[in-house]
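Take the given structure of chain A and dock chain B to it, following the hints.
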Amino acid sequence: MEDIFESEYKVVLEAENLIQAKVFASAKDEDHYKNLLHSYKRLLRQMRTMVRMSDIMQSKLNTMSGELEKLSQTDALTGLYNRRFFNEIYQKEWQSATDRGTALGTMMIDIDYFKIYNDTFGHLAGDVCLQKIADSIAGTVKDNDAFVARFGGEEFILLMPDADLEKCTGIAQRIMDDLAALNIPGAIKTPDGKITVSIGIGMMSPTMDSKLETLVNMADQALYRAKKDGRNCWRI
Amino acid sequence: MQALSIANTQSTPSIYFDQAANVMIMKGESFPENAAKFYAPAMEWLQEYLSTLGTEKAVMQFEIIYFNSSTSKIFMTILDMLQAEVEKGKNISVLWLCDAENETAIECGEEFKEDLNCLSFEIVLV
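In order, the protein sequence lines correspond to chains A and B. Start counting the first sequence at 1; every next residue gets the next number (the numbering used here). Start counting the second sequence at 1; every next residue gets the next number (the numbering used here).
Isolated chain A, as found in the complex:
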């Protein structure tokens, strides 16, 4: 089919053939038929226009709907995915790992002394710092099949399907190294004068009996240990 109104045009053609064939009993009948055909063609033109406009409108609404969906998944400040979308992906990956019997790794990343940074340099500078760190983390993990999101204020979270512990710790170290290379000046009380992060790594192969929150709690507890051990380090 080349035209969605192909059948309608066949009707028009058939009607025009009837007029050509002079099959009408009287001139009055023929005129009446011609008028009806004229109206039909006019309404068909209108229908075409309506369909075209409807397509234009729906295409626009479809684009807008896609943009809104993206906005609802994104953290406005950092451009990373937000926590809501993380939870959605986390549930899917959890289910997939449970079904396939594979491991799922997660990493909780927290900026060290960020409250002091904000208190010292102000919240706007804090926002810029968050953006730089978010960009750095996203850049580090971009080729590693990892999902990164902003989890809360100064916390980021990584989800790594099918990852082993070696890969996770390797990524954690690279995140710290890449961030150190940026040399973002820290607040006065930061030990080495630069912005650093602490990282907690959790890893497990979920089963039907596992609780969804277990893995994130593991990463959270590991993060607590990293903070306790002096920050600027990763713990498992």
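A portion of the hints provided could be inaccurate.
[What the hints assert, rightly or not] Subject to a maximum C-alpha distance of 27 angstroms in a straight line, what follows is the list of computed DSS-like cross-link-like pairs (lysine-lysine):
#, chain 1, residue 1, chain 2, residue 2
1, A, 115, A, 228
2, A, 34, B, 88
3, A, 41, A, 22
4, B, 113, B, 73
5, A, 60, B, 27
6, A, 41, B, 113
Bear in mind the hints are in silico, worked out from the structure with no lab data behind them.
Just chain B now, kept in the frame of chain A:
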């Protein structure tokens, strides 16, 4: 003849038809559940107005951001009514107002315009 004034809602446009000023304005979005029912008062008003309209200039102004298919059919019916009056010698013109960045509204205005011959239909970017 009294002016017709209908306030806009989330899914229907505001309508202001004024015989004294010879202007008819529709503004907003148009997704009524039943377009025929929603536009019935406007169509009735318009029929009566056109029957009394002389040679003075009358303007119909659309500023419709988004609209559904039923609305497009109503608008075509309205444009047909206006065109029929112009063919009788009346002085009616249509302004299709749209945001310069709203390509959808501009394209739709062009579609309406394409089907007309003697009725002046001007797309005005605001």
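Consistency of the hints with the structure:
Taking the CA atoms of residue 115 of chain A and residue 228 of chain A, the gap is near 17 angstroms; set against the 27 angstroms cutoff, the hint holds. Distance check on the hinted pair: residue 34 of chain A and residue 88 of chain B sit about 23 angstroms apart at the alpha-carbon level, within 27 angstroms; holds. Only pairs whose Cα atoms come within 27 angstroms are accepted, and residue 41 of chain A paired with residue 22 of chain A is accepted, the gap being roughly 20 angstroms. Annotation: proposed proximity of residue 113 of chain B to residue 73 of chain B holds, straight-line Cα distance about 14 angstroms (limit 27 angstroms).
About 19 angstroms separates the Cα atoms of residue 60 of chain A and residue 27 of chain B, which keeps this hinted pair within 27 angstroms; it holds. Taking the CA atoms of residue 41 of chain A and residue 113 of chain B, the gap is about 18 angstroms. The hint holds against a cut of 27 angstroms.
The earlier numbered hints are all upheld by this structure, with none contradicted.
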